[in-house]
Structures are given as structure tokens and as C-alpha cells.
Amino acid sequence: MSEEIIKDVIVGENEDYIINMGPQHPSTHGVLRFEVCLKGETVKYLIPHIGYIHRGIEKMCEANTYQQLIHLTDRMDYLSAHMNNEAVCLVVEDALQVEIPERVKYIRTILDELNRIASHQLWWCAFGMDLGALTSFFYGLRDREHILDIFEESFGSRLLHSFVMPGGLMHDVHPNFQKRTKEFIKYFRKKLPEYDQLLTGNIIFQNRVKGIGFMSKKTAIGYGVTGPSARGSNYSCDIRKIAPYGMYDKVQFNEILETGGDTFARYKVRIAEMWESMNIIEQLIDNIPEGDFTAKMKPIIKLPAGEYFRRVETARGELAVYVVSDGNKTPFRMKFRTPNFSNLFVINSLASGHKIADLIAISGSLDLVIPDIDR
Amino acid sequence: MNSIIEYFTDIFKGISSLCAGLRITGKYFISPGSIVTQQYPENRATLKMEERFKGEIIMPHDENNLHACTGCGICEMNCPNGSIEIITDRVANAEGKLERVIDKHIYHLSMCTFCGLCVKTCPSDALAFGQKFEHAVFDRNHLTKVLNQPGSKLRKEAK
Amino acid sequence: MLNRQELTDIIRGFEPETEFPEGTQLLEAFVPAEKIYALVEKLKSDNKSSFNYLISLTAVDFLTHMTVVYHLESTEFRHLIVLKSKLADREDPKIDSLTALYPTAEYFEREVFDLFGIRFNNHPNLQRLFLEDDYGYPLRKDFRDEINIIER
Amino acid sequence: MSSNIYDFSTLTGSIHTWLSGMMSSGWVNFTELVLVGLAFLLMYALLGLFLVYAERKVCAFMQNRVGPNRVGKWGIFQTIADLIKLLMKELIPIRKSDPLLFNLAPFIVIICSFLALAALPYAKGLQAIDFNIGVFYVMAVSSLSVVGILIAGWSSNSKYSLIGAMRSGAQIVSYELSVGLSLLAIVVFSGTMQLSGIVESQANGWWIFKGHIPAFISFIVFLIASTAEINRGPFDLAEAESELTAGFHTEYSGIKFAFFFLAEYMNMFIVAALGATVFLGGWMPFHVGNWVGFNQIMDYIPSLVWFIVKTFFIIYLIMWIKWTFPRLRIDQLLTLEWKYLLPISLVNIVFIAFIVLMGWHF
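One line per chain: the protein sequences are G, F, Y and D, in this order. Under this note's numbering, the residue at position 24 of the first sequence is numbered 24, and the numbers go up by one with no gaps. Basically this note's numbering = 1-based index in the second sequence + 1000. Basically this note's numbering = 1-based index in the third sequence + 2000. Basically this note's numbering = 1-based index in the fourth sequence + 3000.
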């Protein structure tokens, strides 16, 4: 390519001083580009550019049967892979009016909560690293390793375990699944207070995080922000409470709401949710009923023609699956309303007026997973 | 006056929170016993993967080179990524009738996403998950494997 | 929490020309394309229904026509409805944009434009979200791309 | 009282007599200069390698992992491997950058840290130059490195490095104040700015004990301000990995990056050595009042060992702080300096002056 002449860009006063953060940037957690317009250190406005990891999952879903597209939804929000699969299975089971065995409900809810703890742990590591506390990364990953070992023992893979099938589970959990989960809960109850001592209580951390990125409840609803990020501004949007599925209506747990609305409130919500998930698991782990691990399903699943809609609470917010079926074995149209897509675009209204360092803290507190945005 | 008191309590609260953080890292500094890092290349001999670990798809053969694959092609249909190809041919069996026998069970490891549908839906349980996870090769076509070993035949149970 | 019958009366009150298909999982309403903005505005502002949360805005290509599907929910009463509007013209489908009512609609609409080619008039900046400009509209049923998509 | 501590000047004296036996006095001076230069170069390289290795091991143990253990027995040759890697790396020319300044910047930063090394008293009698304004000289020289950082940030023609350089300029300039004031506190106590004089004045006890509360306060202020001055720990805004990818040395590669990397660790050593000399008595052994027997035993440990132990204790403190705390924002950093450290150290000096006047210190 001939050496084209680069126009000398001289930054005048009125000309915006734009820097590109991403797509390769240490703290965008994935291929996402922020076009940030700066005035000195403070951010004037910010345009997120996405599409770097768009695989066309919705187009691929139209060519796969309902069992085959489970391994696609794994790879949407890879940190809450199990909840994505469960959303698709719930839609299919609703459409076919299949009654899934009690044992499957117990196991699915326990796996949901384990996945939520693992996802919050990785969020905590990355959030600490974004603010400069590099040691938090290793403490979080070390504790997360225990959960991944439990997953690896039962499903064979650590992160993307296409283990849930429409109608139940692919095969039964490993015999010592219960024992190891209880060990993990006992271990993590000792380690979680350490997270607070290392980061939450720290005066530098609190100054870096308090009072920045304020999001009111109205902006949260307007931009469709859901999950822990929205519960930080006192907007109760927990699908496990609104439209309970699995064992969530029979389990006693409370929805964590913080009124602060700033990055610190979102941080506290996620830490409290880890405690809450452990309580849920403890209520379920001891009385998993015996029984077979899947309902009787035909090998080729054909949903009766019509439209089906089901919502699930993933670690980052509300995932809604909308299926239009025309009766044959592959869905006619499948739409995933993913939490990160709406959580991302609120960042411009949160971050403008703050410094660059705050922009990194705000995008960390929204806990974005980029493949979930692009699908 | 209370602003001065608040100024000093703010400093002392800050310092005490800093010391709490220092205590944690200090505790881990003096307790190397709690280090969990596995020295991978060195502990290769003792490293045992979980027996359900999805390393790759293999076709288990018993001692006298018999496998269970009848060449029906259900796994090929069920695979979402088209990473399995079945090549069958017709062989005259004992009674002289032409019968479909598996010739080559081609498995593209490069396209497989380990969703496990083939292993689950195989009617004669011919496929299983292997524990090998070191798949790095220098040449891409090494990733295309033929699962049934040469000269292996279908295991005939008394039906 | 209004039940289906009350919601249908409210919607029919605001917009008489809606038909309600039977036997669907959620309350669905077919609304003519040019009336959608007015109806949604009334549904949002009326404090009995107060649909202030747009769950998702998407489109489905039925080969003969395209429908834009809105899932709306009220955060106070937690009742949920599905509004749909048919767009017969496939060459240049047009519909009003809801960005003025819901900020999140701006990006749902850009995604629908990117994958379906449906234009939303008075949308702040209608550009593609994921794909390059010369690429076709992939989620349309008549989209063919020999290089990347293998028909099995 | 400090008579029987081994005096390195006997060693240097014997070398001097041995050399002058062979050559005329002009040549003797020249060879001695060359020898001292070589000694510092060797010390610079060895210390740099050791500090990088120590930092990676300390940080690894704090993060509950093992750290480098593949190159050499416990990974001791890891830094040498890094150095060779950096030497082999290609020096990528940056388009539209100012070539002269771009290549000059690393040398400025290295030279400043070299200059400061010369004035430190390593052991009794082992000191290259003993200015009578030692503290002032070290302070002046270590503040020169900000020029190198600003030139590096400006000349590498990248927006990230410019922001990084502006940040570090503001940070270092403002933190020099409290470093200077905290050192001034001890100069008021010891009455002299000559480094060897300060160390001699701590013969009957280190200033941090003799000066009791105000000296301890100025030690804490010194620790915080000097961590900020060398761009480390919670104040590493100049090369904040998560925001500016690598701040002012983003565009540098190969040996130029190695210079910045080495200079940062040498600055840490200099600051720790200065702190040890001024607050913890440099090479002066630990004496307690009139316990003659105890003092005798303490004198047997060579003074060089005392100096090294104290310096590495402070280096450990700096590393401990770095690997525990998150990073400060630029405006918090400056408010911490101007609203907290400066008033405290000013009040501290007035208080010390009053104590020295009344003679309440030991």
C-alpha cells in the first residue's frame, strides 16, 4: 500500500481531543472500543463501538435444532453460561408443557447460584485490577478455581458446560457434587470477609469509587439497565423474584437493593449477592431429591407453531429469550434480549464529566461481558 | 472545632483501613504453604484429569481391536458444527447379504466445540470423551483424526 | 397487576383498530404501524398501565411481510404486553422510532436496522451497529451469502 | 565510642598507597576515578537485576503464588533472561516523533539516578563524594528525572503518553515539597546537611528514636512522598496499566524501555537508602545509651551490612504498599499532598524547631 500522507492533525481549542480506548485495551474486558472525547483529564462524551465479536448467534440459531443451539447460548455470556442455557430450556419446556423432575429443578438452581458466585468473583478480580489493586486479581481467581473444579468434575468442562438439555440435564451430576459444594461454601465463607478487608474497607478504594457514576432509578429503567448494576440504584428488577423459575419460589432469599446509585453501591450489591447465593445453595444442597435427571423427551423436539417468551436472571441482569416457531425442528426466529446490551449504552450518561480513571471504574462496575453485547 | 476532630478521625480511620489491607497481604506473604499453583510441565506424570473431562472424542477399542460403531450416522446429523463425517461401505457378511459397515469415522477436532451431543445420542455408545488435552500440532490436517483404528471390526454381541 | 382482559380494554380504549390473537402465551396486540407511537405514548403516560420499561424491540421476517415486535412491561404493576405491527413493504420498510419515550429503544432500533433494514424515522443517528455498510441485511429470510454461510 | 567499627577508609587508603607506588599522582587520580566509576556501574547493574527479581518474588508471595522459578534454581537468572530479551527486542521507530528528544529521554532518567548514587554513605569511610550539602544535592538530582519523563511523554507522539507525562509532572513536582520538608526535619535535628555528619550524629541512637514523635511523623511523610516521587505504589498514575496502558513509556521498546524500567528500580533504592541514612542511622549500628557491652557486640556486625539491611527493610515496605492498595486518582493525589502532607510536615518542622530549642530530644 503506498505510503499515504498523514494529514498533520493539529489540535485546536475547539477541536475535540479524542482518544480510542480499545478494542485492545487492558480494562475494556473484551473487544469493545470507547471513542472518548477528552478535555484535559475529564471526559466530555463517549461513544462505545461494538461489533468486533459479532458471530451472528441469532442467525445460527435458525439453522440448529433446540438441542444443538445450547452450545451457542453458552458462548453468549460465557460467565453465566449455565443461566443462558437454562433460559432456552425453560422456553422449550414451557412451549411443550413438559413437567421436569424435582431433582432437575434443585440441581439447576444450585448450578445457577454457583455460576453467579463464580461470575461475581471474576468481576471482583477485574474490578480490583482496574483500580490498580493487582493482588485482588489472584485472590479472586484462586477462590473461583474451587467452583470450576466442581463444574469440571460434573460436566467435564470448566466454563462453557453445555450440560442443560431441554427437558432436564445431559447426564447426572457427579456423586461427590454435594460434598464438594459444601466444602466450597465452608471455604468461601472464610475468604469472602477477606475481600472486604482488602478492598471494600480501604480508604483509597472508597475515595476512588464513592460518588462517581451516579445512575438514578429513572435512567436505569429508561436505558433498560437490569441486574446488580440497576439494583445499585434501588430499582428492584430481580427476575428470580418477579417471575420465579426452578426452585426460586420455594427458597427463602432477599433481593439486595442499595440506594446509593453510584459505583460503590453497585459494588456492595454484588458482594452482598455472593453471600445471598451461598445462603440459597445451603438451603438446597442437603435435600436434593432422588429421581431421574431428565424428563422423557422425543429425540427431535418440534415446538408447536406460535411465539414463546421467557426471562431468566443471569449474573449481569435480565436475559429474555423470544422464540417464534413455525412447527418444524429449528426455530423460525430466536431473539435474545441480553443484559449487557442495555447495560453498556448507559455508560455515556454516567461517565461524562468524570475523569478517565473514573470511566474505567464505572465501566468496571457495570460488569460488561462483550460477547453478550455483540451476540 | 469538630471539623478538626473530623479531620483527624478521618486520617486515623483511613490509616486503620490501610493497615487492614496490609495485614491480608502480609498474612499471605508469610504463609507460602497456601500457594496452590500447579507446576504443570513438571507434574505431568502425576497430573490426573477428572474422568468426565471433555478432552476430545475417542472411539474406545477393546483388547482385540473391536469397536461398537455401526456407521449409522446419527452423530453426524446431531453435530451442530459438522465436525463428524462417516464413510461407510457395503461388505458381504457371513450369509452373503450386503451389510453396511463403517469404513472411516472422520472427526475434525478443529471444528468440535465439545457439546457432547454425539456421545449422548449414539445408540450403541461407540463414542466417548478422552482425557487428552494437549492438542497443539504444527500442521492443521493433523487435527482431522480417523477414530476407528485400522483393521478394527464391529464388536458382535449375541443380540 | 391488571389481568389480560383489563389490559385489552385499556389498549382498545386508546387504539380501537387493534386485533388480539387468541391462545397466545402473553397478551399480544397487532397495531397498525403509523399508530404505534401514539399508543405506546399513551400506555406509558397513563398511570393505570404505566408501561415504563421496554424489555426488547425486535423484528421477525415472515417472507410475505415483516413485523416489529415490542415487549413492554410496567415496573410498578409488573404486567407485560407484546405489541406487534406489520410492515407489508419489504423494499423500504419504515416505522416511527420510540427513542423519545425509551432511551434504550435507540440502540434496539439501530440493531434492527442493521440486521433487517427497517428504517426508523426521526431516529437520532440511524447507523449500523455490528456490520459494515456494504453488507446485506443478514436476518432476512431471503439473505444469501455463499462465502460465509454453508447451507446444510 | 564508634572506634572499633571496621573502617573502609583503611581499605581505600591501602589501594591508594599501592597505586601511588606505581604511578605518578595524576595517573593515580585517574585510575581511582575509573575504578570508582566501574564499581558504581557494577553495583548499578547487580542491584538493578536483584531488585527486579526481589520485587517479582515479593509480589508473588503476597499474591499467594510462586513467582519466577523456571530460569535458574529459584528463578534467580530470570532478570538476566529479561535483560537479554530486552536487549534483543527491536527498537521500533515512532513515526512523527521527535527523534532527538525521544532517544534522549531514557538517558536523562538514567543519569539522574546515577548521580544520586554517588553521594550516599554506604559504610564507614565508603563514600564516593561527601558534600557538605549532601541531602540538598540528592534532593536536587532526584528531581531532575521529571524532565526526562516529560520529554519522553511529549516526544513519543502518542496521546496516552502525553497524558501520562502530564500526570507524572504534576505529581513529582508537588511531592518534592513534602520529601524536602521531611528531610529538613532531620537536618534541623542533626544540625548539618552533610550525610556523613548526619550518620555520625546518630551514634548514640537513630533519629527515629531520638526524635521520638515528630521524627516518626516525618518518617511516615517521607515514606508516602517518596513512593509518590518514584511513581510507584498507589501513586503510579504516570504508567497506570489499566488506564493509559503504560503511560509515558508506552512507545518505548527494547533497551530504551529497559532504561526506564531499571531507573525506576534504582530510584526506589536511592529513596530507600536516603531514608535509611537519614532516619535509621545509615551504617551506624544499633546503640542503646550506655550499655557498653551491647554496643560492642553491635559494632562487630560490619557497617555495610547495617546499611543494606535497613535499606532493604524500607524497600520491602515500599513493595508491600504497592501490592496492596488501589491507585489514587490524579486530583485525590494532589489534594493528599497539598491538603494533608504539606500542612502536617510544616507543623512538624515548627514543632521540631521548638523541641531542638528547648533541648527535649535525646
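Hints in this document: simulated from the structure, not taken from any laboratory. Heads up, a few of these hints could be off.
Computed footprint of chain F on chain G; a stretch qualifies when at least three of its residues, placed anywhere within it, have a C-beta under 8 Å from a C-beta of chain F [unchecked claim]: (1) 15-21; (2) 167-180; (3) 186-198; (4) 344-354.
All values derive from a computational prediction rather than experimental measurement. C-beta atoms are modelled at their ideal positions from N, C-alpha and C, and glycine is treated no differently.
Within the assertion that chain F covers the stretch 167-180 of chain G, do at least three residues meet a Cβ-to-Cβ distance smaller than 8 Å?
Since 3 is at least three, the answer is holds.
Can you tell me if the stretch 186-198 of chain G counts as covered by chain F, using C-beta to C-beta distances under 8 Å and a minimum of three residues?
holds (count 3)
Coverage claim, chain F over the stretch 15-21 of chain G, checked by counting residues with Cβ within 8 Å (three needed)
Coverage by chain F is violated for the stretch 15-21 of chain G (0 residues, Cβ < 8 Å).
Proximity test - 8 Å, beta-carbon atoms, the stretch 344-354 of chain G to chain F, at least three hits
Our answer is that it is violated, as 0 residues pass the Cβ test (under 8 Å) against chain F, missing three.
In this structure, the earlier hints numbered 1 and 4 are contradicted, and the remaining ones agree with it.
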